[in-house]
Amino acid sequence: MARKTARVGLLIAALAVLSPAPAVADEALWPQGAITYSWHGDPARGCAQVGVCGVQGALVLRPDDEVDLSGGTLELIDTPATIRVRRTDPGSSGDCIDSPGDVPLIALTAGRHGAVRASLGGVASSGRCAGPTAADLAPLALTGTRTRGRHASFDLRSSLPFTAGPYSGTLTSTLVLKPYHPQSLGGFFGGSSTCCSAGGPRPHSVLVEQVDLRYRVALPASAVTVSFAGQSGPFCAVLDACGAVGTLRLGLSATRGTLDIMATRRVASRLPRRRLLAELRAGRLVLEGGLGPSLAQNEVLSETLTRPGAQDCSDTQALPGAVLLNAGPLLVPIAGPRVPFALSTAGGPESGAGIDVLRTHCAGPSASDVFGSLPGPVLMRGSLATARLLAAHSTLTLSGARTFAGPGYSGRRSGSAVISLSLVHIGVRTVRIREGS
Amino acid sequence: MRKLLPATLIALALAAAPAAAQPFPLTSIALLFGDPQGFQTLRTTDLPVRVTGGITVTFAGSAAAGCAARGVCGYHGTLLYDPAGGGDITIQSYVSAGRRHRAVALEPAPLDARGRSAYTWTEVQRDIAGGSAGECADEQASGGAEARMPHGAAIIALADLLSPTRCAGPLPSDLADALPELVLNASELAHGRRTVDLHSVRRFAGGGFAGTVTSTLVLALRTPRKLDFQVPGPRPRYRLVTEAVKIIAASGAVTERFQGSSDQGVCVLLDSCGAAGTLTLAPSPLGATGLISAIGPARRPLRDFLTALGLARGGRVRGIAVSGDVVWNAGGTVSERFSQTGSCLDHATLGQGILVLGLTRTRLSAVLAAAPPRARCPGPVAPLAGGIAAGTVPRAELGAARITVTLNGGPSLDDDGYTISTSGRVSLTLRRGRAVARIFTGPRF
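Chains as they are written, first to last, in the working numbering: chain W, 97 to 533; chain C, 23 to 467.
Hints listed in this document are in silico derivations from the structure and should not be mistaken for laboratory results.
Any given hint could be a false lead.
Every beta carbon over 10 Å from chain W, so not counted as near; a handful from chain C, in silico [to be verified]:
id, residue
1, 78
2, 138
3, 433
One-sided excerpt, in silico: chain W residues whose CB lies under 7 Å from chain C [what the hints assert, rightly or not]:
id, residue
4, 125
5, 150
6, 178
7, 180
8, 182
9, 185
10, 186
11, 187
12, 193
13, 331
14, 488
15, 492
Covered by chain C, according to a simulated footprint, are these stretches of chain W (three or more residues, beta-carbon under 8 Å) [as the list claims (entries may be wrong)]:
id, region
16, 130-143
17, 153-161
18, 262-269
Glycine included, each C-beta is placed from N, C-alpha and C at the ideal position.
Could you put the whole structure together from the sequences, leaning on the hints where they help?
Shown next as structure tokens:
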């Protein structure tokens, strides 16, 4: 581990040592065991049609550190997790190793007589390797028990067969979570301090003028296409991408919806409506980036992947509600002469944010490889003059042509869409908010 | 979060362990705030580095390199090191025992936007005459590397960037002579803005394996920047009392018995199906030094701190945080016996280790941890958390000048493709030094 990281971590560690104990009844648990999803191409599930009969793989999550139970959720922060997939075709073979990027969370649902169900949500998948998608694995849940007593203890040892498209597999858990006892584990600190209360600004109220805009939005049928190939050089072997060539197509059906944009400005005293709208046109109001509604309801992802000496892989996945139209910046409110818009990815209905919209049952690059990951995978971008926000009708052109490189794959993505915006509502109001409390 | 995560602290402490040339133990508290025993960081500079290329090693069991004696003649494979874009060279100037020193380390960048950091990947085929064949593929995160500092220059051995995996293969130390070294003089460390081409192709033979090591690494040094770890806001006064400790006796060993996972869906990917073996870890931290520290608000009387350290009675210990660690770079041995269709027998040096000390209300606890012990045979990469062994002694014994703590092997572990049970014990005797106090200002906690 890096020395700098260590120093920052040590600082955080020292802060943690001297912080008071949390008031909420969260519990610390010590894990033992692992959670394993293993799968293989199954002829009875049509692996031959997809081209994955020679695939077998496993995702192993091995918590090896304190696990926090918070609000019915186990947070497996920094849990080592490895995806290993072996492909054995008549003319070639390869091993793909990848890591899931997100922090696994286990949602616990209490049942009767101490029974619990533990669901890993949508983060578990085969990553860039061939295997189940997050949507395949999201419904799976471990069953176990919670012991009674002052401190929680969970026995999540169970085994569950599953099917995932052309794959069959087994979810196996040997995970047991026991109360964390620093002494028995060689705890490090015997004292805590309540010496120093946190400071902060004194609460005060501010006056804010707010403009709410609502648009009717129409998106014609469009698509994002990605052509990719395994990178040259030795490192393509890590993802079994050497010699691979493929295409991904995320098709967005024509759809309609509504989009809300909020613009605000702090003021000393109330402004007349006309002046406030003039300020908005001039780009002097701060736009709060809002996620619009799920715009395309029938996204379909299709992939073809070929490798020398291997069976072609071809698969199609429906991704309902996976693409959103965002208006304004995603993370930081801004003011200015143009308003950014983006078609970005969102989680599927079961999993929340973070789902990889380029995942089929074949191997291939991830959405973060192709679209970037900060502030989130963006399929297409565009912008509108701020002065046009108050126009009755506007058209917005989004495009997403760009190259990408690594890890394992490089390629190019393309796609464009022309979106029509019709302003249907303008609301102006003054609100008083309290800050610093 | 009030308690520290054990694995986090152990990993941090290992990462912060001193370079060989560093004459003073760097504990977590000392690194943060300086230490009344004489350590003080003067300046920390970060030199960002963009790293392209990588390291490729092709290897096979070699009779000339002694594969028969180790039982690795049937293994051949490829090892890759991917720097995943780069990292930083950290240059730390510090004073220890009245003299100025400098420590330099190359660190990989944390996870990039695509969720990857520097890693070592291996793919190894097992093809033993008369036995069945198998294939192991594994990947381990790669850590940083400390520099040697002769005559003001920093020399970083690239082999230190490699991490052993669960597959059979040469250890990083076997490859050290076949890999170039990164050599940076004082001017380059101070000003950066230089490209270092480390292309090379060399043969290696040793440890039962022979093969070719190819480096295509190119490092582009950027402009250095001073790091400031200060936390903004009020800076209250704290009292820090530290006590030097030294390991003066060490004995015993811990044995990890492992076997391949019974889950065929997992063991086949690591070629661990039907495998069994032992890893015997015999640490030898003799002479290693460290600190036990007590830290709290400066207004609290010294007696409270001394009581927390077991050096006085009658003080109030609530609100005083006590921690300690003893770190050593390498010492002891790891011996492995592995059997599958054939058998493999190997031994290697046990890497960096740490003894983490803590105080509860009634006991002094100790955890012994080490860099994942690996030999050249296939086998588990034992998880770090929880340590190799742990033990406690009554807090009442803190008053003694020497403390002997017996550490027993930890509980059963799950490793990818392997299950591990540990046994055995290690006994360590610590001699306590003098306690020194200091008042300092720090961030508000």
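Evaluated hints:
1. 78: Nearest chain W Cβ is 5 Å from residue 78/C, so the label is violated.
2. 138: violated, 6 Å
3. 433: Check fails; 7 Å does not lie beyond 10 Å.
4. 125: violated, 12 Å
5. 150: violated, 13 Å
6. 178: Holds. Min distance 6 Å.
7. 180: Holds, about 4 Å.
8. 182: holds, 6 Å
9. 185: violated, 14 Å
10. 186: violated, 16 Å
11. 187: violated, 17 Å
12. 193: Check passed: Cβ of residue 193/W comes within 4 Å of chain C, closer than 7 Å.
13. 331: holds, 5 Å
14. 488: The hint is violated - residue 488/W has no Cβ within 7 Å of chain C, the shortest such distance being about 40 Å.
15. 492: violated, 27 Å
16. 130-143: Holds: 5 residues of the region 130-143 of chain W have a Cβ under 8 Å from chain C.
17. 153-161: Satisfied; 6 residues make the cut.
18. 262-269: holds (count 3)
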